[in-house]
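Novice: First to last, the sequence lines map onto chains Y, A, X, C, E and L.
Just so we're aligned, residue 29 is where the first sequence starts under the working numbering, counting upward by one.
Just so we're aligned, residue 29 is where the second sequence starts under the working numbering, counting upward by one.
Just so we're aligned, residue 29 is where the third sequence starts under the working numbering, counting upward by one.
Just so we're aligned, residue 29 is where the fourth sequence starts under the working numbering, counting upward by one.
Just so we're aligned, residue 29 is where the fifth sequence starts under the working numbering, counting upward by one.
Just so we're aligned, residue 29 is where the sixth sequence starts under the working numbering, counting upward by one.
Honestly, I wouldn't trust all of these hints.
Heads up, the list lumps identical chains together, so a pair's fine if it works in one copy or across two of them.
With a cut-off of at most 20 Å between alpha-carbon atoms, the simulated SDA-like pairs for lysine to any residue come out as follows [as the list claims (entries may be wrong)]:
(1) Lys230 to Asp67
(2) Lys105 to Glu252
(3) Lys58 to Gly122
(4) Lys172 to Asp156
(5) Lys230 to Gly63
(6) Lys230 to Gln30
(7) Lys230 to Val68
(8) Lys58 to Leu236
(9) Lys77 to Ser59
Since the hints were derived computationally from the structure, they do not count as laboratory data.
Protein chains: 6
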Amino acid sequence: MQLQILRVLSAVEAQQIVKELDSWNFVDGKSTATGIAADVKRNLQGERKESGPTSLDERLLAALRANTVLRAFAYPKQLALPHFSRYEPGMEYGTHVDGAIMGGGGGSPPFRTDFAMTLFLAPPDSYDGGELVIQDNFGEQEIKLDAGEAVVYSANSLHRVAPVTRGVRLAAVTWIQSSVRDERVREILFDLQRAMSAATPKIDASTLLLLSKCHQNLLRLVVEP
Amino acid sequence: MQLQILRVLSAVEAQQIVKELDSWNFVDGKSTATGIAADVKRNLQGERKESGPTSLDERLLAALRANTVLRAFAYPKQLALPHFSRYEPGMEYGTHVDGAIMGGGGGSPPFRTDFAMTLFLAPPDSYDGGELVIQDNFGEQEIKLDAGEAVVYSANSLHRVAPVTRGVRLAAVTWIQSSVRDERVREILFDLQRAMSAATPKIDASTLLLLSKCHQNLLRLVVEP
Amino acid sequence: MQLQILRVLSAVEAQQIVKELDSWNFVDGKSTATGIAADVKRNLQGERKESGPTSLDERLLAALRANTVLRAFAYPKQLALPHFSRYEPGMEYGTHVDGAIMGGGGGSPPFRTDFAMTLFLAPPDSYDGGELVIQDNFGEQEIKLDAGEAVVYSANSLHRVAPVTRGVRLAAVTWIQSSVRDERVREILFDLQRAMSAATPKIDASTLLLLSKCHQNLLRLVVEP
Amino acid sequence: MQLQILRVLSAVEAQQIVKELDSWNFVDGKSTATGIAADVKRNLQGERKESGPTSLDERLLAALRANTVLRAFAYPKQLALPHFSRYEPGMEYGTHVDGAIMGGGGGSPPFRTDFAMTLFLAPPDSYDGGELVIQDNFGEQEIKLDAGEAVVYSANSLHRVAPVTRGVRLAAVTWIQSSVRDERVREILFDLQRAMSAATPKIDASTLLLLSKCHQNLLRLVVEP
Amino acid sequence: MQLQILRVLSAVEAQQIVKELDSWNFVDGKSTATGIAADVKRNLQGERKESGPTSLDERLLAALRANTVLRAFAYPKQLALPHFSRYEPGMEYGTHVDGAIMGGGGGSPPFRTDFAMTLFLAPPDSYDGGELVIQDNFGEQEIKLDAGEAVVYSANSLHRVAPVTRGVRLAAVTWIQSSVRDERVREILFDLQRAMSAATPKIDASTLLLLSKCHQNLLRLVVEP
Amino acid sequence: MQLQILRVLSAVEAQQIVKELDSWNFVDGKSTATGIAADVKRNLQGERKESGPTSLDERLLAALRANTVLRAFAYPKQLALPHFSRYEPGMEYGTHVDGAIMGGGGGSPPFRTDFAMTLFLAPPDSYDGGELVIQDNFGEQEIKLDAGEAVVYSANSLHRVAPVTRGVRLAAVTWIQSSVRDERVREILFDLQRAMSAATPKIDASTLLLLSKCHQNLLRLVVEP
């Protein structure tokens, strides 16, 4: 399991999106789930009238693509159009595992879900419950982030959204296909890039060249660009 | 070697296609073979005037994409436009192995031929000979199916079409790139899916979730979506 | 990162080992570390006079080999002779990563360290500090177990032993080469085995046979026996 | 699924072994099966009093190791000590899949079962039933060979021994770990070796050197010697 | 490291391109380099005003795609639009390794740089220096080819362009993503294809079919079409 | 192709071995070659009377195991007992590729030949010809080293020993199975280790720890210890 917390939007940008979503229509979230997941999904989801990206999608995806930590951590190859999910009191999403393949309808090509991402939009003190709960080595880990922060985590894990008991939880949820399929190699590349950044001011050019060669050649060995 | 027999069209739908093909022009099949295969190919093939799919292609491909056994068995990622082949008495296609890569001309992207598929269109009693003969562990296996039935088999095998001695053999032939390249894993996924279907009514939700997690995570490990 | 907590010995058995270790000679733990790890290792280690296993080793290794959770979780192929480590007040083991290959001297063949394992021998209330601290997705996770319990965790993680501030921390530390190298497949096998156990009383023989076929064939695909 | 039929012993050698087995003690075959296989195994098996190989084992294994078709087809790395199985009227072995790992007890190292092998010892006209039945692409394939012939087949397949209805079926059963794990590569190596044998008398030395380089370098890429 | 020298254009065709480039605008080559490479790149590069291919690009790429040695050696899947580089006296490109991923901006999809290619355009006697220098097993190898010749070499190597001391070095530089990622398999496929070409006139059809089956099935095993 | 030149013995140690070999019996070298290689091998080889290592073998192998460049470059897992080869005027070894598997007889386990190694024993001015000639990217590369120097090179390459025209060429030849099978990863590990050595005096402990983690975890991912 890999997991990383990111600052994607400022609190102000998140608040702006919350306002925009006021004018959206929200429908039953089961419409985008299949199999076991559909049985346990009890939330609302912003209705999409067209298959293509809205300007809101484009702003969000651009912010994600520009995020250097996300790039070094996840090597994103494809980002799904986000689901804008809304949990009102009593709503939750029971334990499930994300399907390995999404998309493939409506003109969008199918992609592999290496990572799931939840970008929290509502301030955490505006609702109770609604934690993203991921089954990890020590049991369940609860995650509830500031508005504008996101958690990126391996989509192969069991996870759920705890029932909301007060207020409204608004979040953007998306999935990422990585261009580095094997999480074990992704971790080495991430470590190597951080080591190079720390070492760059101190080592000479030929050593940096050698480290850069390692990094690019390991990436070349595995990347699906 | 993997092999599966499918009901793709009803007998009536197959007959309808046979009728439509009456108005096609058939040309020497060597035009779409290369190397050794061209030397041993002696059949006719429905002439294509445009590079894109006809409405007949679209109906056939839609029927294939909707076939749940095909999906669970082959994980089709790409289906080639079918060849409509016609064998008159004396015609045959000698032993050959399919090229690993097809397409790449006329705007269609190249694809890997994991599976070959023959969809029999003419009723088997309307012609003699014309069996698809595949070299398997026990030597040659002869396959002659009802109109509307198809056989999907590993394209890495040696195979041939036996000489037709009476009547006309009409078939649609296509190739499939699977999104699960390794046939050993495809078989495990196929078995797991059938086991889950059989177990679902009897086991509790948490066990089903665990099985579903296995299935999706194994697929995620290998899929080229 | 994979991690599992196991009951390996009863509290009484652990206490018995603690007593036996009373008569051992403890020497500087740096003797069995190399590179960066040696710089940060400040503990004592039970001196080994012979290269082969003692009767204490054999009892411990037998208990580990008989542990069904360990077998299903880790697929142990080789278990190293344990280090009996002793931390007195002020001692600690700074952050390090375990070498990928151990052994290879003194007649024991080299092996790959897929997992590290710490078996806690002293009761947790008999010493302060001495937590095993593993860097996980959420930062540092502290582990301090009952006497006789063990934690098995991926040896590729950064980890340390926190300073002991009171009492004596006694533990047996060992490493495991798994016969399933890829942790992603190990997790699928572990899930599948647990699902089969839960499903067995409820499903019919043919479904169980199909699940068993999946499990054995996936194992066969990857195992290094 | 891979499958090959081999002549391992002459009919006279097979008859000689049948005679030797007259003096063996045969016990319930369940003793060497586990899990689902034990439930459906109803046969007798030659009792082994020592863990090491008998002179009979050694003759059989030597005959197998010297078999050039077996070497080119299966690249045997390890051969298990054979089970001498005996089916009397009413006995059978129900459908099962072989475990992926065998051995590991009594001093013999564990090994992976890539292939199962049945060496028929009794003449086929001396008993009725007792076919080895393997589930293949076309359903069940029945195999009943002459005394001294053997079938080597992928151990990942479902297979069974049909009930014996007359006479006694005597066979030696063993398993093989291949030094080429991936059956897809094994088939290419087998094809290449046969092509080289056929081409050698006709092509010049430099072409043969190039083919030999292909063969050795592909083998080097995958072999687990 | 893999390396191959190719005749791509005739001397006359190369001269024609040199003339066409006379009317191009050349800008600082640093604009298309990143990281360490940008620090050591001191050359000029033909300015591109549009993102799509020019007619010059198309002629060059067509010549490359039609080159049968390149196809058998490199299995090109994607060819980047060439950089037209110009080195005047005093210019050079210091030692660097090519990035693993290029493209991804301006509408062109990202691709993996398995090979780099330098197509020499200026006659070698028209300039001094300007050798392509690749670090190989024996240290540095200098390459300076006739106008119209190209060298294709593994992009994972350290390489540089030596300072030009007289005249002008004009070259087209491009990168290739291979559809066969693993260079070890590429070499086997290249050897096998050359062996088949040499053997074809001498061996019978069934042996050739077996060799062709090996070639196609090995390709099928690894190709990313 | 990977290749590295090493100083294994001092000139004096090499001379000492040359003296010891004076008392050996030399026999036709064809006895240890098979297939095509035997056809082109015309040299002498020190006769081995016992299957185990002599004290000369042990000195040589110990010197190789202690060589830190060899360890970082080749990750040797198994070293074959050396052949002591002797070429007198007129002798040579024609172009061949080494078999992928050696050993397996006389009690020594079979191993994979990832590298071949020639340790030159006679001073280069004591004989003419006798170069080791390896086919590399630029055609044939000739290697003739000082007494006590060795060349380690990929065993998958075509190579030969040029005819000796004066004096006597004495060399020790051996083969190495690497514990890192994939040469592409071996090169990254070698680069990373050299970069770490160069960077260690300059970077802080936490950066060095991160680099060390990369190195060990990449090794752990691939090593066959």
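Novice: Compare the structure with the hints numbered earlier in the document and write down the numbers of the violated ones, lowest to highest.
Specialist: 6
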